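Student: These are the residues of each chain, in order.
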Amino acid sequence: MSPREENKRLNILATARWILPVALFCILVFCSYPFLQKVEEKSFFQFDFLWFKGFLDKPSGFLAWCSLFFTQFLHLHWLGALIWVVLLTLAAELTRTVFSIPKSISALAYVPVAILVTYNMSMGYLVYYMNIPGWFFTPVLGYLFILLSVSVLRKIRRPLPYTVISIIYGLAGYYLTGFYALAGIITSGVDSALSDRFQSRRSIPILSAISVVIIAPILFTGMTTYNLSEGWTIGLPQQIIEIPASRLQLPIIAALLFPVIMTFSGSVKYGRRPLILYSVQVTALVLTVAIPSAFWFKDDNFKAELSMIHAVDNLEWNKAIKIFESISAKHEKDPSWQPTRVLVLLKDLALIKTGQEGERAFCFEDGSKPQKARWSVPMAFQIGRILHLHYGIPGLCNRWLIEDAVMFGWNNMTFRYMFMNSLLLGNVQAARNYLNVMEHTLFYRKWAKSQEYLCVDDNRSLLAGTAPYDMILPLMCYDDEICTDWEGCENFLMYHFNSIRPENATPLYDRVALFYALKSKQSTLFWTRFLLYLDSNNPDKIARAYQEATYLFSNTKDGMSMPELPLDNQVKNLYKSFGQNAQKYGKKSLEESRVLFPANQRHTYYYYYYYVNGLQLF
Amino acid sequence: MKRIIPYITGLLFLATACNSEPQGWVDGGAAGIFPDYANVTVPSNIAPTNFIILDSASKYHTILRSADVQYDIKGAKVRIPLRKWRELTSHGDITVTIYEKNSSGWTRMKPFCMNVTEEVDPYVTYRVIPPSFESFQKLSIIQRNLTNFKEKTVYSNQMVAKGSTMQCINCHSFKNWHTDNMQFHIRQQLGGTIIYSNGKLSKVNLKTDSTISAGVYPSWHPTHNYIAYSTNRTYQELHSNHSNRVEVFDEYSDLILYDLEKNSVSIIENDSTELECFPYWSPDGKSLYYVSAHIDNPESFYKSGGVAASTQDIRYNLYSKPFNPDDKSWGDKQLIICADSMQKSITLPRVSPDGRWLMFTMGNQGVFHIWHKEADLYMLDLRNGGYRSVDEINSPDVESYHSWSSNGRWVIFSSRRDDGVFTRLFLTHMSEDGHFSKPFALPQKDPEFSRKYLYSFNIPEFTVEPVKVSARVIASFVKSNDAQAVSFEQK
Chain A
0 MSPREENKRL NILATARWIL PVALFCILVF CSYPFLQKVE EKSFFQFDFL
50 WFKGFLDKPS GFLAWCSLFF TQFLHLHWLG ALIWVVLLTL AAELTRTVFS
100 IPKSISALAY VPVAILVTYN MSMGYLVYYM NIPGWFFTPV LGYLFILLSV
150 SVLRKIRRPL PYTVISIIYG LAGYYLTGFY ALAGIITSGV DSALSDRFQS
200 RRSIPILSAI SVVIIAPILF TGMTTYNLSE GWTIGLPQQI IEIPASRLQL
250 PIIAALLFPV IMTFSGSVKY GRRPLILYSV QVTALVLTVA IPSAFWFKDD
300 NFKAELSMIH AVDNLEWNKA IKIFESISAK HEKDPSWQPT RVLVLLKDLA
350 LIKTGQEGER AFCFEDGSKP QKARWSVPMA FQIGRILHLH YGIPGLCNRW
400 LIEDAVMFGW NNMTFRYMFM NSLLLGNVQA ARNYLNVMEH TLFYRKWAKS
450 QEYLCVDDNR SLLAGTAPYD MILPLMCYDD EICTDWEGCE NFLMYHFNSI
500 RPENATPLYD RVALFYALKS KQSTLFWTRF LLYLDSNNPD KIARAYQEAT
550 YLFSNTKDGM SMPELPLDNQ VKNLYKSFGQ NAQKYGKKSL EESRVLFPAN
600 QRHTYYYYYY YVNGLQLF
Chain B
0 MKRIIPYITG LLFLATACNS EPQGWVDGGA AGIFPDYANV TVPSNIAPTN
50 FIILDSASKY HTILRSADVQ YDIKGAKVRI PLRKWRELTS HGDITVTIYE
100 KNSSGWTRMK PFCMNVTEEV DPYVTYRVIP PSFESFQKLS IIQRNLTNFK
150 EKTVYSNQMV AKGSTMQCIN CHSFKNWHTD NMQFHIRQQL GGTIIYSNGK
200 LSKVNLKTDS TISAGVYPSW HPTHNYIAYS TNRTYQELHS NHSNRVEVFD
250 EYSDLILYDL EKNSVSIIEN DSTELECFPY WSPDGKSLYY VSAHIDNPES
300 FYKSGGVAAS TQDIRYNLYS KPFNPDDKSW GDKQLIICAD SMQKSITLPR
350 VSPDGRWLMF TMGNQGVFHI WHKEADLYML DLRNGGYRSV DEINSPDVES
400 YHSWSSNGRW VIFSSRRDDG VFTRLFLTHM SEDGHFSKPF ALPQKDPEFS
450 RKYLYSFNIP EFTVEPVKVS ARVIASFVKS NDAQAVSFEQ K
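Keeping their order, the protein sequence lines are chains A and B.
Following numbering that gives the first Met the number 0, the numbering of the first sequence begins with 0 at its first residue and continues without gaps.
Following numbering that gives the first Met the number 0, the numbering of the second sequence begins with 0 at its first residue and continues without gaps.
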C-alpha cells in the first residue's frame with residue numbers, strides 16, 4: 000500500500016471518531032430519553048443567590064452547582080443530551096490536543112470519555128439513590144477541569160512560580176471542584192515532572208502536587224464542617240445507603256487515570272507505522288463502543304416504569320396505559336416476562352382515573368417481576384408520592400416526599416408534588432412557597448405561574464373543579480387515622496380501601512373500594528362493596544370485571560346467588576371455557592399458565608382469581 | 000474651575016434628589032411586609048430587621064427614622080446596613096415609612112413603628128433540621144449571634160458522618176445561660192451524651208439496666224452539678240389525612256437525675272401508671288417541674304395496643320416535685336395544672352429566671368406539640384396559680400418550644416405560623432406585668448430567607464456568651480472516645 004493510500008485510510012479512521020458523538024446523541028434522544036427525563040426530574044436548579052451560597056459551604060459545591068445548571072437542560076431531553084455530548088466531545092478533543100495524540104489514533108482520546116458515558120448510563124435504578132447534586136454532569140466537568148489544570152500549569156516554565164501558582168491554583172481549585180482539583184494537580188505534577196522544563200528539578204512539581212493533596216482537605220476541613228475522611232474524595236459520590244463508594248467512584252477514577260497515563264505519552268514516538276496506528280485506532284474505536292454497550296443499563300421494565308411515571312406526573316393517564324400495553328405487546332411471546340409492581344400499580348391507577356378499571360383492570364398481564372438491580376429501590380421511593388396523592392392519602396404522600404427530599408435532595412418533582420399535596424392538606428401558604436421556589440427555575444416557571452390562581456384561601460370548590468384534585472378530593476372522604484405504610488404502598492392501599500367504609504363515602508370512593516375488593520379476592524368483601532357501588536354509582540351497565548366477579552362468586556362453593564343481575568353471555572361463556580381449561584391444566588404457576596391459556600381467557604377476573612397468586616406486593 | 004462648578008452642583012442635586020422623600024403622594028393603608036415587623040418591640044442590640052415589601056408597585060422608597068437619624072432605602076427588599084441600623088437603634092424607637100409608586104403616582108403607606116427596648120442575650124443556639132419523619136442527612140447545632148447575622152456551627156453530624164452511618168443530634172442545653180456547662184445528645188453512630196463542663200469534654204451513656212433509655216430532654220440544675228432528664232421510648236406514626244401530619248408519642252417514659260461528679264443516675268419518677276416527661280428546674284433548684292400523663296391499669300393498657308392505639312386520649316398534666324440539692328432527696332409530687340380534665344395536654348414547662356412565671360405549651364393531646372397545629376403558649380403565674388393563653392403571641396398554627404432570656408424579659412419560641420411546614424423562630428418582649436409584645440421573626444440578612452430555606456429551626460436556647468469549644472474539637476472527641484457507662488444509684 001502506498002503511503003498516500005495509507006494516509007487516506009488513516010484519515011478515514013480518524014474521521015470515524017466523529018461518528019461516536021453523533022451515535023451517542025441519537026441513542027440518548029431516541030432510546031434513553033426516559034432516563035434523561037428522570038435525571039432532570041430528580042435534580043433541581045434555581046436562579047437564587049441564597050441557594051447558590053448554600054453550595055459554597057464545602058469544597059466541590061461550585062462544581063455541583065455548575066453541574067445542576069447543565070442538568071436542568073435535560074428537561075428538554077434533546078437539549079440536555081446535546082450539551083452533554085458536546086461537553087464529552089470537547090473533553091475527548093481536548094485530551095487529544097493537550098496530550099498531542101495524533102489524529103490517526105484520535106479515537107484513543109475517546110476511551111476515557113466512553114468510561115464517563117458508561118458510568119452515567121449504567122446507573123439504572125441507582126438514579127433514585129444518587130444524592131450528589133448534579134452527578135450526571137459532574138464527571139465530565141471535573142474531567143475538563145483536569146485538562147484545564149494541565150494546560151494552565153504547563154505554561155509556567157520556572158520552578159518557583161510553578162510551585163507558588165500550582166499550590167494557589169490547587170487550593171482554589173479544590174474549593175471549587177474538590178477531588179477533581181486534586182486529580183488535576185497530580186496530573187499536572189506528573190506531566191511537568193516528565194517534561195523538559197524542570198530538567199534538574201523534576202521533584203518540584205511532584206512535591207507541589209503532594210503538598211496540595213495533603214494541605215487542601217485539611218485546610219478546608221478546618222474551615223467548614225464536613226468529615227475529613229471524605230476530604231480526599233469530596234466531589235465524588237460517597238456511600239449511599241448500602242451502595243459502596245467504590246461502585247460509585249471507581250469508574251470515574253478509572254476515566255481520570257487516563258490523562259495521568261497520557262502524560263507519559265510525551266516520550267512515545269508514534270512514528271509512521273501504519274499497522275500499529277491502524278490497530279490502535281481500531282482498538283480504541285472498539286473499546287469506545289464496547290464499554291458503554293456492555294454496561295449500559297438496558298431493561299424494558301425500567302424504561303417503561305420511567306415513561307409511565309413521567310406520563311402520570313403529567314396527568315397523561317391514557318399515555319400511561321398505552322405504555323403498559325406496548326410493553327405487554329412487546330413481550331407477548333415471552334412467558335418469562337412479567338411487569339414490575341410499579342408498572343401494574345400505575346396501570347391500575349391510570350385505569351381508575353380514566354374510569355376504565357371495571358372494564359379493563361384484568362385485561363393485562365399481571366406480575367411482580369423484581370427490579371433488575373443489585374440494590375433494589377423501595378417502591379415508596381419510586382411512586383409512593385404518586386399513589387398516595389392520587390388515592391387521596393396526602394399524609395403519606397407528604398411523608399414520602401419529605402423522606403425522598405431529605406435523603407436524596409429536593410428536586411423538581413418533590414416541589415411539584417409538595418405544592419399539590421399542600422393544597423390538598425389546606426396549607427395554602429406552604430403551596431405558595433413551593434410555587435415561589437419553582438418560579439425561580441427556567442423550565443417550571445411557566446407551570447408555577449399557571450398554578451398561582453389555586454393559592455387562595457377557601458379554595459376547596461376551586462380545587463374540586465380542577466384536575467387532578469377533582470379526582471382526589473372525593474377519595475379524601477374518610478376520617479383521618481394514625482397509620483404507617485412502612486414501605487409497603489400497595490399493602491397499605493389494600494388495607495385502606497378494604498377497611499370500614501367512611502360515612503361520607505363518595506361514588507368515586509365506592510368505585511375504588513370495589514376495585515380493591517376485587518384485587519383482594521374476598522367474596523364477602525366484594526359483595527358488600529359491589530352493592531354499595533351499585534347504590535352510589537347507579538351504573539347504566541355493569542362493567543365486565545364486575546360481571547365476571549359476580550358470576551364467579553355466585554358459582555363458588557359458598558357463593559351468593561345474584562340471579563337478578565343481567566350478565567353478558569360472553570361472560571358466562573368465557574367462564575365455561577376457562578373452567579374447562581382450568582380443569583384440564585390444574586394448578587399451575589403464573590408463568591406456566593400464561594402459555595397454556597389463550598389471551599381472552601387470561602385477560603379475565605377468573606384467571607386473576609385462580610392463577611395470579613404469590614405476587615410480591617409492596 | 001468655573002466650568003466644573005455647575006456639574007458638581009448638578010451631581011450634588013441629583014444625589015440629594017435620589018434620596019429625597021417622594022413628593023405628591025397620597026395616603027394609603029398598611030404596607031404588606033415580610034417578615035412582619037410592623038409595630039414590634041425589638042431589643043436595642045438586635046441585628047437589622049430586614050424585610051421585603053409584598054405589595055405590587057413599580058417603585059418603592061422606605062424611610063427609617065429615629066430622632067434625627069434618617070436612612071432611605073429604595074426597592075422592595077429593605078436591607079439595612081448594620082452600622083446604620085446601630086445608629087438608628089441607639090436613638091430609640093424607629094418609624095418606618097414606605098412609599099409605593101404605581102401608575103397613579105406615589106402612595107405613602109401607613110407608617111409603622113419599631114419600639115426599641117432593653118437588650119437581649121446576644122446568642123441563641125438552635126438545631127437546624129429538615130422537616131422529615133425518619134430520614135435525616137444533615138443536622139447541625141448552630142449558634143447565631145443575634146446582634147448580627149453571624150452563625151457558628153457548634154456541632155454538625157456531617158463532621159463524623161460516613162456513608163449511611165448517620166448521627167442524629169439533639170437536645171442541646173446550657174446551664175444558667177452560660178456556655179461553661181453545656182450538653183447535647185448523639186444517637187446512633189458514635190452515640191452518647193456529650194457534656195462540656197468547665198473546660199472538659201465527656202461522652203456518657205446514660206442508659207442503665209434500670210432505666211428505659213439514655214437521657215432525653217435535659218435540664219441543668221442551676222446550683223449543683225446535676226442534670227435532670229426524661230427517659231423515653233418514643234415512636235411515631237403518620238396522619239393519613241390531616242395537616243398535623245405526624246404523631247410522635249412515648250410508649251414509656253420516666254425521669255432520672257444525672258450526677259456529673261459521681262457519674263451516676265438515679266430515678267426521679269418511674270411510676271408505671273404515669274408517663275413523665277420534660278423536667279425543668281425552678282431557678283433556686285429546689286423544685287423540678289415536669290409533665291405527666293396518667294394510664295389506668297398499665298397491664299391491660301399495653302395489652303390493648305398501648306399509647307399507639309390511644310394517642311388521642313393521652314394527655315399530660317403539669318406537676319412539680321420538691322428537691323433538696325444537698326442530699327438529692329425528693330418530696331412528694333404536686334399537681335399544678337390538671338390539663339387532662341380540660342381535654343388538654345401540657346408540655347415544655349419553662350420557669351422564668353425570677354421564678355414568677357412558668358411558660359408552657361398546651362395542645363389537645365400528646366407530648367410532641369411541634370406537630371400539633373392547635374398547640375399554643377400559655378403562662379402560669381406561680382404567685383397565684385392563675386394561667387392564661389398568651390393570645391398576643393399565639394397564632395392559628397403551631398407554637399411549641401420556648402425559652403427565656405437570662406434577664407427574663409425576652410422569650411424566643413418556635414412556630415410554624417409562616418407556612419405550616421417549616422419551624423421558624425420568633426422573639427417577644429415581656430413587660431413587668433407578664434404581657435408580651437407582638438412577636439417578630441428572627442432577623443435574617445436576606446428577608447426572603449424564611450420563605451426559601453428548606454430546613455426547620457428548633458430548640459432555641461439563649462446564652463450570654465459564645466460556645467467556647469470548637470465544633471472540630473467536639474467532633475474529634477466524639478470520634479476518638481467511646482461513651483462511658485454510668486452507675487445506677489438506688490433510692
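No lab work stands behind these hints, which were simulated from the structure alone.
Any given hint could turn out to be false.
Derived EDC-like pairs: lysine to aspartate or glutamate, alpha-carbon spacing no greater than 16 Å straight-line [claimed, not checked]:
{"id": "1", "chain 1": "B", "residue 1": "K151", "chain 2": "A", "residue 2": "D56"}
{"id": "2", "chain 1": "A", "residue 1": "K352", "chain 2": "A", "residue 2": "D312"}
{"id": "3", "chain 1": "B", "residue 1": "K149", "chain 2": "A", "residue 2": "D312"}
Remember, predicted model here, so these are calculated numbers, not experimental data.
Student: Confirm or reject each hint.
Tutor: Hints, one by one, checked against the model:
With a C-alpha separation of about 12 Å, the suggested pairing of K151(B) with D56(A) holds against the 16 Å cut-off. Of the supplied pair hints, the one linking K352(A) and D312(A) holds, its CA atoms being roughly 13 Å apart against a limit of 16 Å. Only pairs whose Cα atoms come within 16 Å are accepted, and K149(B) paired with D312(A) is rejected, the gap being roughly 41 Å.
Hint compliance for this structure: hint 3 alone is broken.
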